[in-house]
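**Q** Residue numbers (this note's numbering), protein chains in the order written: chain A, 1 to 130; chain B, 131 to 232; chain C, 233 to 368.
If you're looking for bench data, these hints aren't it; they were derived computationally from the structure. Errors might be hidden in some of the hints.
[What the hints assert, rightly or not] Cβ-Cβ distance ranges computed for the label pairs, FRET-style:
#	chain 1	residue 1	chain 2	residue 2	range
1	A	G113	B	R199	32 to 40 Å
2	B	G200	A	Q121	34 to 42 Å
3	B	A223	C	D327	17 to 25 Å
4	C	K344	B	G217	40 to 48 Å
5	A	K30	B	D178	42 to 50 Å
6	C	K295	A	A100	48 to 56 Å
Don't be surprised by glycine CBs; every beta carbon is placed ideally from N, CA and C.
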Amino acid sequence: MNFTLLINEGPYQHQASDTAYQFAKAALEKGHEIYRVFFYNDGVNNATRLAIPPQDDRNITENWAALAKEHELDMVVCIAAAQRRGMLDADEAGRQGKDADNIHPAFRISGLGQLVEGGIQADRLLTFGD
Amino acid sequence: MAKLHIVNKSPFERNSLKSCLGKSKEGSTILLIEDAVVGALKGTVVADDLSSAIANKNVCVLGSDLNTRGFTEAEILDGIKIVDYAGFVDLVAEHSNVQSWL
Amino acid sequence: MSEGIKKFMFMNTKAPYGTVYALESLEVVLISAAFDQDVSLAFCDDGVFQITDNQKTDGSGMKNFSAAYKALGDYDINKIYVEKESLEERGLTMDNLMKLTYEDEDDDWAEKTSMYLVTRAELADLIDEQDVTISS
Numbered sequence: 001m002n003f004t005l006l007i008n009e010g011p012y013q014h015q016a017s018d019t020a021y022q023f024a025k026a027a028l029e030k031g032h033e034i035y036r037v038f039f040y041n042d043g044v045n046n047a048t049r050l051a052i053p054p055q056d057d058r059n060i061t062e063n064w065a066a067l068a069k070e071h072e073l074d075m076v077v078c079i080a081a082a083q084r085r086g087m088l089d090a091d092e093a094g095r096q097g098k099d100a101d102n103i104h105p106a107f108r109i110s111g112l113g114q115l116v117e118g119g120i121q122a123d124r125l126l127t128f129g130d
Numbered sequence: 131m132a133k134l135h136i137v138n139k140s141p142f143e144r145n146s147l148k149s150c151l152g153k154s155k156e157g158s159t160i161l162l163i164e165d166a167v168v169g170a171l172k173g174t175v176v177a178d179d180l181s182s183a184i185a186n187k188n189v190c191v192l193g194s195d196l197n198t199r200g201f202t203e204a205e206i207l208d209g210i211k212i213v214d215y216a217g218f219v220d221l222v223a224e225h226s227n228v229q230s231w232l
Numbered sequence: 233m234s235e236g237i238k239k240f241m242f243m244n245t246k247a248p249y250g251t252v253y254a255l256e257s258l259e260v261v262l263i264s265a266a267f268d269q270d271v272s273l274a275f276c277d278d279g280v281f282q283i284t285d286n287q288k289t290d291g292s293g294m295k296n297f298s299a300a301y302k303a304l305g306d307y308d309i310n311k312i313y314v315e316k317e318s319l320e321e322r323g324l325t326m327d328n329l330m331k332l333t334y335e336d337e338d339d340d341w342a343e344k345t346s347m348y349l350v351t352r353a354e355l356a357d358l359i360d361e362q363d364v365t366i367s368s
């Protein structure tokens, strides 16, 4: 079975991203597939490559990136929600004339249609939010 | 095929558990995660509501979130089943849709 | 259910403006119209405040996005369920809400209501029919 996960809250502020991560890990361990992980609302902040959590704490973005690398996960950040919150990849920063970008290369930026398509294509869509 | 309802808010702060109880059908499953796990404790003001729900719905609680908050199986209402993340995944697979009560 | 078409319900339980969820949820709804799915919206709990009439945001400086709900009919999104008990608990009636309509192409483009007042039990039945529920 395959799942699309929708994550609507930022890292550390809320447990949503942690819960989704643990769920994804358990699902993959059981042989299920993750069709897509879609980051929306403040959830786009999970994609920052610039976070420096204390050394005794988990690194949520790197955890997602490692899981994505191991299982070739499609991790999509909503472009509209990301732009609102100052989350840009290098292409977008160039296009918008900004002097920096902050999105981790394990994530890609795309439109909201990717969420709807994720709901259509996956067997289940789960929302993790507040 | 029955639905899975997920609640993640403490019932002492928000009304999503109440909202979920009122809009979930007999035979459906309610899973308490994150801050909602404290709703499964014995002796609370929502214990009667949950006990009624247990009569015709499956009520589960995510054990790791319960332990994280300092509680164990001994402290939760009879009839509530503890699941781990693998069990959470099974619940999602076994039900035809999942509704998160945010 | 037609082949390949899923029933999508957008479940709106939060008030607008205090948090961004209502606005950003509506953006997903509008995008979903392009996918030819069976889309409906439910408003319950504080979600009913999203569609109150006469929202005026000049003083607060918030972006007034209430007009976008009125455009849903133009996107062929015309199943909008409002929970009766949630209105009553908040001292509201349908008269406090915007009139959301669509033009029925099968009936000489007659303007019809998109809004259905449903009881909690009826909403439970509707939730039970969905293939995908996107909550915010």
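**Q** Against this structure, judge whether each hint is valid.
**A** Hint-by-hint comparison with the structure:
About 38 Å separates the C-beta atoms of G113 of chain A and R199 of chain B, a value consistent with the hinted range of 32 to 40 Å. For G200 of chain B and Q121 of chain A, the Cβ-Cβ distance of about 40 Å falls inside the hinted range of 34 to 42 Å, so the restraint holds. Checked against the given bound of 17 to 25 Å, the beta carbons of A223 of chain B and D327 of chain C, roughly 45 Å apart, lie outside it. K344 of chain C and G217 of chain B have their C-beta atoms about 46 Å apart, which keeps the hinted 40 to 48 Å range intact.
As the Cβ distance of K30 of chain A to D178 of chain B is approximately 36 Å, the hint placing it in 42 to 50 Å is violated. The given range of 48 to 56 Å is broken by K295 of chain C and A100 of chain A, whose C-beta atoms sit roughly 26 Å from each other.
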